[in-house]
Structure formats: C-alpha cells, structure tokens
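Residue numbers (our numbering), protein chains in the order written: chain A, 410 to 553; chain B, 4 to 246.
Derived from the structure by calculation, the hints contain no laboratory data.
According to the in silico footprint, chain B covers these stretches of chain A (three or more CB under 8 angstroms from chain B):
#1 421 to 435
#2 446 to 455
#3 545 to 551
Some, not all, of what chain B presents toward chain A, calculated at C-beta under 8 angstroms:
#4 Y32
#5 D41
#6 L44
#7 L54
#8 E104
#9 S130
#10 V201
#11 S206
Counterexamples of contact, computed for chain A against chain B with all Cβ distances above 10 angstroms:
#12 D485
#13 V486
#14 Y507
#15 A511
#16 D512
#17 E532
#18 R537
Beta carbons: idealized from backbone N, C-alpha and C, even for Gly.
Listed below, chain by chain, are the residues.
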Amino acid sequence: MTTPSQTVGPFYSIGLVNDGQSVLDPDGVVLEGQLFDGQGEPIWDGLIELWDAAGGRWGRSGTGPEGNFSFRVPADVPCFEVYVFARGLLRHQWTRVYLDDADDDVLERLEPRERATLIAQRESTGFRFDIRLQGDDATVFFAH
Amino acid sequence: MTDVSDLSDVVLPDDPSFGPEVQVDYPGYRSTRWRAPDRPLVTLPEELHSLAGPVFGEDTVRESDADLTRQHEGEPLGERIVVHGRVLDTDGRPLSGALVEIWQANACGRYHHEVDQHPAPLDPNFSGAGRCLTDDDGRYRFVTIKPGSYPWGNHENAWRPAHIHFSLFGHLFTQRLVTQMYFPNDPLFAYDPIFNSVRDPRSRALLVSRFDLSQTMPEWALAYEWDVVLGRGNGVTPLEEDA
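Next comes chain A alone, as it looks inside the complex (with noise of 0.2 angstroms):
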C-alpha cells in the first residue's frame, strides 16, 4: 500500500531550501509569481517545484513574504509540470505552466477558463505565471 501524505508545514526551509535550486538554466529567462489562498492572500509558507520532463532539469523555490516565487528556466521548453506544496496542503497539487499557448494533449482537454490558469504571461521581465489555490480563477489541478 502506498504511504500517505502529509503537509509539507511552515518550516520546511529547514530541509528543503538550498542555494541555486531554483535555476534551472543560468542562461534562461526568468518565470516569477505568487501563490495565493482561497481569499486572495499571498502565501507565505509554499514551495514551488518545476520539471523539465523532456530536458531533465528540475527547480525548487520558496515563496517569500508575498507569496513570491521566481525561477529561471531555459525559454526554448514549451511547458514545466509544477508541484505546489504548502502548510495546509495535506497532500501537493500537481499543475503545469505553459510558456506558449499552443495545442497539446492537456491543454486539449480543458476549458477556456482552466486553460487560461496555466497560460504564463509574457512582461518585459520574464515570465509571470500566479498560483490561485481555490476561487472561481482557481488554477487546475490535475488527478495524481
């Protein structure tokens, strides 16, 4: 039988924090956002994890104060699978972020609304792409 999960708590920084984790390619460009609860507050105690599945590279970042998390990630990868984790999250969510908007075998099967939440936002900066945990602009969440 599989072992449950648990949440992740606030002090996971203690375990799961290092340095340079969330540079998935020096040379990318940079994809930032926030993660928000169910009445628009920032989320301070999550953990972002972002997958490359097809280059091999992998990412963590903290959230900060303001629910802030920023990586940088090579530019030429269509879409990263994302596991959120959080105090209050008894088991992480799985989600994904698109660079580019176009058709694939997820995006395929989504409505316009939910297939909007995993659209990143091109700004002069980089990539922005914000995490909304529940609401009617909740994000998607996949089915483990």
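Fit chain B to the supplied structure of chain A, relying on the hints for placement.
Showing chain B alone in chain A's frame:
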C-alpha cells in the same frame, strides 16, 4: 484543566474508504480551509503518469548529511536514534538512488526556524536537516535525535505527536511524496488532525515507524525502522513496463 470531552471538531471518525488518500479538506486542520483546492481535479492522459522524474547524483549529498548529530562543534542534546528503512514502489521493488530529505524539531520540540516561537530552547548543536540517496536495495539510514512534541495554534491545547518530516523522489515524476514519520504508541495520535486526516486506519498505520532492536547501536542509540512505498493511491496498479 482543559475540557477534552469533545474532540469531534478536531478529529473525524475512521473511514477505510479513503484508502491511502489523505482527506485534503480535513476540517479539523484549520489551514486547509482556504488552501485545499475546492474544484474537481482534472484527469490527465495516462502516459503522463509514467513520466520520468528528476535524477539526483552523488554530488547532491555528502556522507555527513545523513548524521544530524555531527553537523556542529558539539553534540545535540536528546535521545540519539537511528532511523532507517527502504523506499519501494507499489510492486515492492526497491527504488535505488532515491533522494530522501528530512527535517525535524529538536529534542525540546523547537524548530531551527525564525517563525517557530515555541518557548522551548534552541539547541546550538542541532539544525535538524538531513539527506541521503537510497542504496541499490532502496535503503536509507539517518542518525539523529528523537524530536520532541510541540504545541501549535490549530485549536485549544493542540500538540503535534513527535514526527520527522520526509521528502522523497522516486524514479517516476508521480512517485513524489512529502509526508511525516511518527513514533510508535504516541499518546497524542488520537488528538492530532494532521495524522487523522488519513481516514483509513490501515493507511494511517503506515505513517508510524517500528521500534527495531536489531538495528540499535549498543551503548549508543535506539533504532526505528520505517519503509516508504511511493506510487499512486487508490490501489491503482501502475502500467507494466514494456518487456
């Protein structure tokens, strides 16, 4: 004195139908209220469940990372223990090269973290973080000190059972797990909403380590054994690998 007659707001009765799944919107754990996703999860194409996950090389860990009692000038206070076990997939096969990361409170129940304001002493000789890669048989082993229980603000007179946080990566992306390992016979189990958010008592028991006399180190440390099974919940059998 505290009225302990009514814990129904904090701990729900057992429900075996949950199997290995934790109840993500468990009401007794207050922080779930505005954080547990409230929309249905989207089912992905099956092949995404067999995506390979990140591989961590030997350069990720140093040998000293697995001994939390030797990371400072002096030795930490508390009861020295060995925590060991195997990391397996749902077919019982060992997962070698799996990155295991742990973090924990000190013997007094205080985390080495600026946000933890529990008025118990910090230990200058204990940071409370460790990691290692599993060997060819899927085995991991840490030397640490037994963490203390500690109060938290979830409800009146709330205390966490002693636990060590574990983060594990298997071979597949979906073999990712963050969880907590507990110690046998903790009197706080019955009152803890996080532990009881695993509604199936058989699954909950998988979070509890076993006292292991065979791995104790005479005149030195007690030992606990805890195996971890990584994979999909709900008893779903992963697709067979191509022969």
